[in-house]
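Number of protein chains: 2
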Amino acid sequence: MNTNRTGAQTIRLPRAPAIVSFAAVGGHMEGAGPLKDCFDELSEDHFWGEKTWEKGESTMQRHALSHALEKANLQYSDVEIVFAGDLLNQCIGSTFSLRETNIPFYGLYGACSTMGEALSLAALSVDGGYARTAAAMTSSHFCTAERQYRTPVPYGSQRTPTAQWTATAAGCCILGEAGEGPYVTHVTTGRIVDPGVTDANNMGAAMAAAAYDTLTVLLRDTKTQPSDYDLILTGDLGFLGHRIVTDLFAQDGMDVSGNYNDCGLLLFDREQQDMHCGGSGCGCSASVLCGHVLRGMREKKWNRVIFAPTGALLSPVSTAQGESIPGICHALILSNEREAS
Amino acid sequence: MNTNRTGAQTIRLPRAPAIVSFAAVGGHMEGAGPLKDCFDELSEDHFWGEKTWEKGESTMQRHALSHALEKANLQYSDVEIVFAGDLLNQCIGSTFSLRETNIPFYGLYGACSTMGEALSLAALSVDGGYARTAAAMTSSHFCTAERQYRTPVPYGSQRTPTAQWTATAAGCCILGEAGEGPYVTHVTTGRIVDPGVTDANNMGAAMAAAAYDTLTVLLRDTKTQPSDYDLILTGDLGFLGHRIVTDLFAQDGMDVSGNYNDCGLLLFDREQQDMHCGGSGCGCSASVLCGHVLRGMREKKWNRVIFAPTGALLSPVSTAQGESIPGICHALILSNEREAS
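Here the protein sequences line up with chains A and B, keeping their order. Going by my numbering, the first sequence opens with residue 234, and the numbers climb by one from there. Going by my numbering, the second sequence opens with residue 234, and the numbers climb by one from there.
Just so you know, these hints were derived from the structure itself, not from any lab. Wrong hints could be hidden among the right ones.
Where chains are identical, the list cannot tell them apart; a pair therefore holds if satisfied intra-copy or between any two copies.
[Said to hold, decoys possible] Within a straight-line C-alpha distance of at most 25 Å, the following computed SDA-like cross-link-like pairs (lysine to any residue) qualify: (1) 284 x 555; (2) 284 x 554; (3) 284 x 382; (4) 284 x 550; (5) 304 x 282; (6) 304 x 335; (7) 284 x 553; (8) 284 x 552; (9) 456 x 311; (10) 456 x 310.
Based on the sequences and whatever the hints tell you, model everything.
What follows is the structure in structure tokens.
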């Protein structure tokens, strides 16, 4: 029986599906940040023309899908499977965004690691010949997330120094068997790592252990070093989590300071935009990937990238019941070269 | 490029992964119902030894995994990927059940269709050579679901005639490349169907349209008739939804009355147990599959089965905002024969 597994948690994709198209959309704060030129659409309207923030998030996510399809001259009916999820209870951001599209749909929940999970499963679907064209997408919205996880925005609550800012953004990738690329060559499925952090306003620290775990496994499974990559990008660990991961690698004798960054540090200007520890939310890593990173790869700024978004698998109920915050990180290797299988 | 797609939404699995082991666990009501002898474990304790219902649900789900592994002489470390999800916000039932297992984990949200989604993706993973052993599991808990979706159980709210009873149950399947079976031969990925039902106490009617859609697509894609199957089993449509699906097929000139049933009608004795329209919840279809159905298939009571669990992709927020209830149904063909590829 052929197996495409490489080591403990990593899958080598023998046919290396192509990311044939991608799009990122964002809101006001994203449009005021350093990556503003990497978005396909920016909206000043938090409601995206809808009556509620939740409906607005769905509309924003559908816009990301539409832009990605349009850029590849594709229709809804060309997509054979879509993998999508978001932070809202029961993932209504994705459900209502896809309701009228008729695209066969698998719903995911991976918290802020969702883009990594969606992209992994979409890549496996295409690699295995189970779909000719698959989509991966996710979103987050500052106002829906604040209302659900913390307090409604109009309350004007103070944020702690370790807090991160949930991005109002969405990203979508379309994968196919052939195309310009970049290509997905490897997928490392994350496992849950819980270092015992109980402060729900310090998610970066909670998720850093999962990022370090998955990245370490990926490097071991693929027998590569951090220096083999032009860019290693974790999800939304922010300032503190990024520091912890850098320190953990340093303890292993690996200096990642030259090529390791975090989506939560890239999306906003932390100082100018008063973002405390940085950006977060599914839409943070998704829009940084589908704007900044994939554009940069097409321009050959980077040729080999690890994309490793992280998720904090807590809920307000688990926190109220005294549980710590389990983290997870799913990683993919993206390459401009389709490696020989 | 080889493609394993058959028709619009159906994937033919050329290697037909085997369901090498399965287990179902349930609570008090499930133990008082007609399928009580099909469970691997029944608990009279709603808390499963924990301090809260949510923690109890996690423990129950982990028991399902442990039983399934034990029956196949496997350990956590033998499972290369687990696909799991549940009804709780942020899927904490699955997250906390898997926290200490170290199994690479993809989290899903498919409401009550989750077992269909998990089993589909686990089957694709094994079929594609991406995992040698994969697990699919889900759970639901009457008390956690009532508290989250309706009102806390101690309030003693009255239930409407179309209401269903969320099962306190969990099911787990272990899939492998070889083994006794049954085998997963086809997977049909559902799309969202929203017939416009807005009554959150009438989920059966809301989901019936999705079940009819996916089953119709599956039959068309595989060029089969309802009579080609020993059993066609929808998720948890209950009494009303089952009647609607039967009627919709009758309008197409197909009589499914002889071999079509619904997990929500099987798990409980509707009259004796005062279940109104029947059972529901992820754990309903999962435990009926992993108890009653797979045992029956091993005993050759049925040799070819369509398992088609349905999910209502609403949330309390979407209902409060006036949205109707989008439904989805993921279907699989399970067979005692490994069909020639």
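Tested hints:
1. 284 x 555: Between. Shortest inter-copy distance 11 Å satisfies the 25 Å Cα cut-off; intra-copy 36 Å does not.
2. 284 x 554: This pair counts as between: shortest inter-copy Cα distance 9 Å, intra-copy 34 Å.
3. 284 x 382: For residue 284 and residue 382, both the intra-copy (21 Å) and inter-copy (23 Å) Cα distances are at most 25 Å.
4. 284 x 550: between (28 Å within a copy, 13 Å between copies)
5. 304 x 282: Close inside one copy (23 Å), not across copies (54 Å); limit 25 Å.
6. 304 x 335: within (20 Å within a copy, 40 Å between copies)
7. 284 x 553: between (31 Å within a copy, 13 Å between copies)
8. 284 x 552: Classified as between; 14 Å across copies, 31 Å inside a copy.
9. 456 x 311: The answer is between: 22 Å across copies meets 25 Å, while 37 Å in one copy does not.
10. 456 x 310: between (40 Å within a copy, 21 Å between copies)
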